[in-house]
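All chains, full assembly: derive it from the sequences and hints.
Protein chains in written order, with UniProt numbering: chain A, 1 to 485; chain B, 1 to 94.
Incorrect hints may have been included.
Unchecked claim - Only pairs whose alpha carbons sit at most 30 Å apart, straight line, appear in this in silico DSSO-like list of lysine-lysine: (1) K68(B) - K241(A); (2) K413(A) - K40(B); (3) K40(B) - K390(A); (4) K68(B) - K111(A); (5) K93(A) - K18(B); (6) K6(B) - K330(A); (7) K40(B) - K330(A).
What the hints contain is simulated information worked out from the structure, not anything from laboratory work.
Bear in mind that the values here come from a model prediction, so they are computed numbers and not experimental data.
Listed below are the residues making up each chain.
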Amino acid sequence: MNLSALSIHELNSLLAQKKTSSIEITKAVFDRISSKEEKVNAYITLDQEAALLQAEKADKRLGEKDAGSLCGIPFSIKDVLCTRGLRTTAGSKILEPFIPPYNATVIEKLKNAGAVILGKVSMDEFAMGSANENCAYGTPKNPWNTDYICGGSSGGSAASVAADECIASLGSDTGGSIRQPASHCSVVGLKPTYGRVSRFGLIAFASSLDQIGPMTKDVEDCALVLNAISGYDPKDSTSVKKDIPDFRSSLTDGLQGMMVGIPREYFGEGLDPEVKQAVMASIDKLKDAGAQTCEVSLPHTEYGVAAYYIIAPAEASSNLARFDGVRYGKREMDAESLIDMYKESRSAGFGDEVKRRIIIGTYALSSGYYDAYYKKASQVRTLIMDDYKKAFSQCDILVSPVTPTPAWKIGEKSHDPLSIYLSDMLTIPANLAGIPAMSVPCAISKLGLPIGFQIQASHFNEEALIKAAHNLEQRLDMVNKKPNI
Amino acid sequence: MNITEKEVLAVANLARLKLDPAEVSSMTEQLDRILGYVAKLNEINTDGVEATSHAQAVTNAFREDELKESLPRSEALANAPKRNEEAFIVPRVI
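What follows is the structure in structure tokens.
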């Protein structure tokens with residue numbers, strides 16, 4: 001039996017029956033990593049020794065009553081989440097030597113649940129990118145075809161789940177960074193409602209948009225991980241005090257009474273015909289499950305990318321000011337004045353895309369331009385939220401493609417930042433509005449590349465996402481489709 | 001032109017970034033295209049529309065002012081590129 005290919009819930013039952021152990025699972029995953037990592041390049045840092053110690057502890061705990069469903073399960077972690085004692089680079093050269101002195105709240109929660117942390121996976125530098133080509137430590141490959149991007153910015157998370165180089169992963173999503181790579185690699189990815197999951201210990205990109213979420217092999221696993229990481233945290237003043245349902249209770253069959261909205265604007269120009277066909281066929285499956293459908297309109301969708309590329313860089317320019325070579329990270333030692341030290345350290349430490357966004361953001365916030373750019377974009381953000389409010393008065397969920405096309409070839413768009421930005425037009429609006437959204441595998445293209453199905457719901461209605469996603473998954477034969485790597 | 005090389009240099013200075021001449025030229029070209037695209041926002045009339053800076057209406061989160069354990073100084077200093085026993089060391093400021 002190939003343990004690394006199994007899901008969390010499958011491993012749970014093997015562990016409960018004592019047919020395997022966390023040590024055995026963890027070793028199987030490391031075996032898989034050593035045979036596939038050369039092709040996939042998902043990891044930045046591996047920590048086998050610590051992982052095996054965690055697995056040993058988990059095995060002791062497994063017999064006890066408090067051992068939950070993540071106990072003994074090996075995870076890869078996007079390298080943007082602080083892990084105490086384990087190097088955390090955010091995919092950047094500037095943080096190459098950074099060893100966090102504390103854990104992100106989500107890491108603390110996983111550890112308390114007995115999960116095993118294998119190591120840290122690749123990402124676009126500071127989560128800025130959609131192809132994972134902006135990582136200072138190399139580009140991970142799409143396990144379905146290694147000439148293609150795995151998507152970004154949580155590319156290492158998606159690739160490691162798809163290649164069975166972990167059982168599950170945590171990613172982060174600021175404009176689609178969980179859903180887009182999930183879609184390109186045929187894994188399940190969920191961006192929770194803004195405020196559902198604590199951001200404490202997440203290296204900030206755009207604080208009003210960032211959320212941490214699960215990337216898993218199926219929908220049930222997604223529910224299990226979301227159960228573990230959700231909740232108010234006094235250390236994140238934007239996390240929301242809200243009851244957390246058991247998301248497994250949404251894994252029920254049938255969608256009777258559910259109204260599925262099909263937003264007209266998500267099926268416009270530039271949508272690949274194969275993607276469209278796969279999404280329409282999935283909508284039929286939701287109807288088979290008992291859902292009703294209606295057409296809705298989100299008229300400001302086409303302005304999402306423009307608003308986002310003001311708001312996100314503006315927030316980033318402020319957040320990334322902390323990387324100055326003083327308290328952590330790399331410093332250029334030869335600079336004589338303090339200002340030169342800042343400039344030299346930042347210029348040597350940041351890659352091109354990060355510099356580009358810091359400059360856009362600084363420009364948009366600078367005096368004389370603030371009203372024309374930042375204020376305008378924030379007003380458009382209100383209009384996008386209003387669109388959603390209207391849509392959700394007519395339907396329970398919105399369904400669409402995740403991306404207009406399947407993955408593209410590595411290097412194909414790297415010279416043209418704007419064309420990459422535009423590829424995120426279907427995922428960005430959910431971040432601007434703070435609503436939960438999810439990508440579920442729905443097809444494989446003729447070229448052999450995965451296609452994802454996006455579901456969006458109103459604030460704190462992750463249950464509707466999981467219910468619809470589960471019903472779709474049950475009616476498609478996607479979970480058993482694995483890349484031939 | 002939406003942005004000039006001179007403006008890019010001025011903004012880079014504010015952002016404490018040093019760009020070499022080739023970077024200034026390519027950055028200016030890319031930013032010009034991006035800002036040209038962003039100008040799309042002007043198609044929308046936003047008179048009287050409130051700005052949203054946050055998707056959740058969470059008001060100030062207060063906590064009791066209690067003494068709590070904090071990171072030991074040695075750990076807080078451990079990642080600094082230059083430090084002594086009690087402080088971060090930076091180039092001379094005055």
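Checklist line | Given pair status - K390(A), K40(B), alpha carbons within 30 Å | finding: Roughly 23 Å separates the two Cα atoms, so the pair holds.
Note to self: Tell me if the straight-line CA distance from K413(A) to K40(B) falls inside 30 Å.
What the structure shows: 22 Å, holds
Next item on the list: For the pair supplied as a hint, K68(B) and K111(A), confirm whether the alpha-carbon distance does not exceed 30 Å.
Entry: Judged against 30 Å, a Cα distance of about 22 Å means the pair holds.
Item checked: Pair hint outcome, K93(A) versus K18(B) [Cα-Cα no greater than 30 Å] -> 16 Å, holds
Next item on the list: Take the C-alpha atoms of K40(B) and K330(A), compute the straight-line distance between them, and say whether it is at most 30 Å.
Entry: 39 Å, violated
Next item on the list: Could you grab the alpha-carbon distance between K6(B) and K330(A) and see if it respects the 30 Å cut-off?
Entry: 29 Å, holds
Notebook entry, point to check: For the pair supplied as a hint, K68(B) and K241(A), is the alpha-carbon distance within the 30 Å limit?
Noted result: 22 Å, holds
The structure is inconsistent with hint 7 alone, although it conforms to all the rest.
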